[in-house]
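> Model the full structure from these sequences, guided by the hints.
Which chain is which? The protein sequence lines are A and B, in order.
So that you can map any letter, position 104 of the first sequence is 104 in UniProt numbering, and since no number is skipped, the others follow by simple counting.
So that you can map any letter, position 65 of the second sequence is 65 in UniProt numbering, and since no number is skipped, the others follow by simple counting.
Honestly, the hints are just simulated from the structure, not real lab data.
Note that the structure is a prediction, hence the values are computed from the model and not measured.
Incorrect hints may have been included.
What follows is a set of in silico ranges between Cβ atoms, one per label pair, in the way DEER data are often shown [unchecked claim]:
hint: 1; chain 1: B; residue 1: L102; chain 2: A; residue 2: R18; range: 24 to 34 angstroms
hint: 2; chain 1: A; residue 1: A165; chain 2: B; residue 2: R63; range: 48 to 58 angstroms
hint: 3; chain 1: A; residue 1: H161; chain 2: B; residue 2: A41; range: 38 to 48 angstroms
hint: 4; chain 1: B; residue 1: G76; chain 2: A; residue 2: A14; range: 50 to 60 angstroms
hint: 5; chain 1: B; residue 1: W51; chain 2: A; residue 2: M146; range: 55 to 65 angstroms
hint: 6; chain 1: B; residue 1: L108; chain 2: A; residue 2: E178; range: 41 to 51 angstroms
hint: 7; chain 1: B; residue 1: D14; chain 2: A; residue 2: V173; range: 55 to 65 angstroms
hint: 8; chain 1: A; residue 1: K67; chain 2: B; residue 2: K105; range: 51 to 61 angstroms
hint: 9; chain 1: B; residue 1: T52; chain 2: A; residue 2: R157; range: 46 to 56 angstroms
hint: 10; chain 1: A; residue 1: T97; chain 2: B; residue 2: G115; range: 51 to 61 angstroms
hint: 11; chain 1: B; residue 1: P16; chain 2: A; residue 2: K77; range: 49 to 59 angstroms
hint: 12; chain 1: A; residue 1: N15; chain 2: B; residue 2: K105; range: 26 to 36 angstroms
hint: 13; chain 1: B; residue 1: H40; chain 2: A; residue 2: D163; range: 22 to 32 angstroms
hint: 14; chain 1: A; residue 1: A14; chain 2: B; residue 2: L108; range: 20 to 30 angstroms
So these bits of chain A aren't anywhere near chain B, every CB distance computed over 12 angstroms [claimed, not checked]:
hint: 15; residue: E43
hint: 16; residue: V58
hint: 17; residue: F64
hint: 18; residue: L65
hint: 19; residue: S71
hint: 20; residue: T107
We treat Cβ as the ideally placed atom computed from N, Cα and C, and that holds for glycine.
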Amino acid sequence: MAPLAPKTGDPLFANVERVNAELFTLTYGAIVRQLLADLEEVEEVNKQLDLMGYNIGVRLIDEFLAKSNVSRCVDFKETADIIAKVGFKMFLGVTATVTNWNAEGTTCSLVLEDNPLVDFVELPDTCQGLHYCNILSGVLRGALEMVSMKTEITWVRDMLHGDDAYELQAKLVKQVPEEYPYKDDD
Amino acid sequence: MANTACFIIVSRNDIPIYEAEVGSAPKKEEAAHKHQFILHAALDIVQDLAWTTSAMFLKAVDRFNDLVVSVYVTAGHTRLMLLHDSRNEDGIKSFFQEVHELYVKILLNPLYLPGSRITSSHFDTKVRALARKYL
Numbered sequence: 001m002a003p004l005a006p007k008t009g010d011p012l013f014a015n016v017e018r019v020n021a022e023l024f025t026l027t028y029g030a031i032v033r034q035l036l037a038d039l040e041e042v043e044e045v046n047k048q049l050d051l052m053g054y055n056i057g058v059r060l061i062d063e064f065l066a067k068s069n070v071s072r073c074v075d076f077k078e079t080a081d082i083i084a085k086v087g088f089k090m091f092l093g094v095t096a097t098v099t100n101w102n103a104e105g106t107t108c109s110l111v112l113e114d115n116p117l118v119d120f121v122e123l124p125d126t127c128q129g130l131h132y133c134n135i136l137s138g139v140l141r142g143a144l145e146m147v148s149m150k151t152e153i154t155w156v157r158d159m160l161h162g163d164d165a166y167e168l169q170a171k172l173v174k175q176v177p178e179e180y181p182y183k184d185d186d
Numbered sequence: 001m002a003n004t005a006c007f008i009i010v011s012r013n014d015i016p017i018y019e020a021e022v023g024s025a026p027k028k029e030e031a032a033h034k035h036q037f038i039l040h041a042a043l044d045i046v047q048d049l050a051w052t053t054s055a056m057f058l059k060a061v062d063r064f065n066d067l068v069v070s071v072y073v074t075a076g077h078t079r080l081m082l083l084h085d086s087r088n089e090d091g092i093k094s095f096f097q098e099v100h101e102l103y104v105k106i107l108l109n110p111l112y113l114p115g116s117r118i119t120s121s122h123f124d125t126k127v128r129a130l131a132r133k134y135l
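Below you can see the structure in the form of structure tokens.
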């Protein structure tokens, strides 16, 4: 019988390879700093981080599904729960909470109390519009697109701009049915 | 509690990256300029002295009337300099060590260019609180 899908990410987190948290934080910081130096425009950097996250997400979803053994999610609500409890725990070591469901169940907020990417970071005055963790929104968007869900992810609250937590809003735009890639009558 | 105390951080290129008057006496304009002048004049002495010892805390390196200059040199040759009139050496050493820790946290910020001015108001508040506590 197949092993039961985990409800929390803790056993998975214990099994995956880990890297030093400070190395991870400093490497991400170096990426952001280099992007700021190369692109100079804060909006461009935000877009580039999102694109990088998208590319990571489309590959990350395969690793996630392979390691975590979750079964197909029934609806978007379950998807969001799995992302918050299992996904974030497995890759970042923190859990998020899911709140703010709208009436149809297509929009929710993922709230992160602490975020390893932003240790020690303080935004200078020249970069006030920067979404420092924009890579996360790209990762979520890419990963969900690979499992047939088109979503829009935006930042609602950001601790670097003075709020008290990190809040991502995930909006399900459309469930894309799987397309069979080959035509049958060749 | 020191009546006059002027604290500056000078980078390895001899550019001041942070300054604060942390004494408890009322601030006077000429006094502030005089303090900065005295601290900059002490830089030459600090440079020579820093190479003679492996300790980070160089005690009193220079004197002007009754004001003493104490310096703490970090591993990256950033000098934390304090101009004061008190004799509380242990307090000053603890103050320097705590400011050093705050400085390291600033350095870990990837968006901070080492050697540029420290503009974080959070850092400023903390340094003044430490000055009230230790000096």
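> A range of 22 to 32 angstroms was offered for this pair. Does it hold for the Cβ distance of H40 (chain B) and D163 (chain A)?
violated (41 angstroms)
> Evaluate the condition: distance from the CB of S71 (chain A) to the nearest CB of chain B exceeds 12 angstroms.
Label holds. Min Cβ-Cβ 40 angstroms, cutoff 12 angstroms.
> Note whether the CB distance of P16 (chain B) and K77 (chain A) lies within 49 to 59 angstroms or breaks it.
Given range 49 to 59 angstroms: holds, Cβ gap about 56 angstroms.
> Does the no-contact call for F64 (chain A) survive, Cβ to all of chain B over 12 angstroms?
holds (27 angstroms)
> Does the hinted range 55 to 65 angstroms hold for W51 (chain B) and M146 (chain A) at CB?
Roughly 59 angstroms apart at Cβ, these two residues keep to the hinted range, so it holds.
> Given a hint of 48 to 58 angstroms, does the C-beta separation of A165 (chain A) and R63 (chain B) actually sit inside it?
Since the Cβ atoms of A165 (chain A) and R63 (chain B) sit about 51 angstroms apart, the hinted range of 48 to 58 angstroms holds.
> Mind checking the hinted window 51 to 61 angstroms against the Cβ distance between K67 (chain A) and K105 (chain B)?
Given about 34 angstroms between the Cβ atoms, the range is violated.
> Does the beta carbon distance between G76 (chain B) and A14 (chain A) stay inside 50 to 60 angstroms, or does it fall outside?
violated (38 angstroms)
> Is 24 to 34 angstroms a correct range for the gap between the Cβ atoms of L102 (chain B) and R18 (chain A)?
Distance hint for L102 (chain B), R18 (chain A) holds at roughly 29 angstroms.
> Is the claim that E43 (chain A) lies outside the interface with chain B correct, judged by CB distances over 12 angstroms?
holds (17 angstroms)
> Once the closest CB in chain B is found, is it more than 12 angstroms from L65 (chain A)?
The claim holds: L65 (chain A) sits with its nearest Cβ about 32 angstroms from chain B, beyond 12 angstroms.
> Measuring from beta carbon to beta carbon, are D14 (chain B) and V173 (chain A) in 55 to 65 angstroms?
This hint holds: roughly 57 angstroms between Cβ atoms.
In this structure, the earlier hints numbered 4, 8, 10 and 13 are contradicted, and the remaining ones agree with it.
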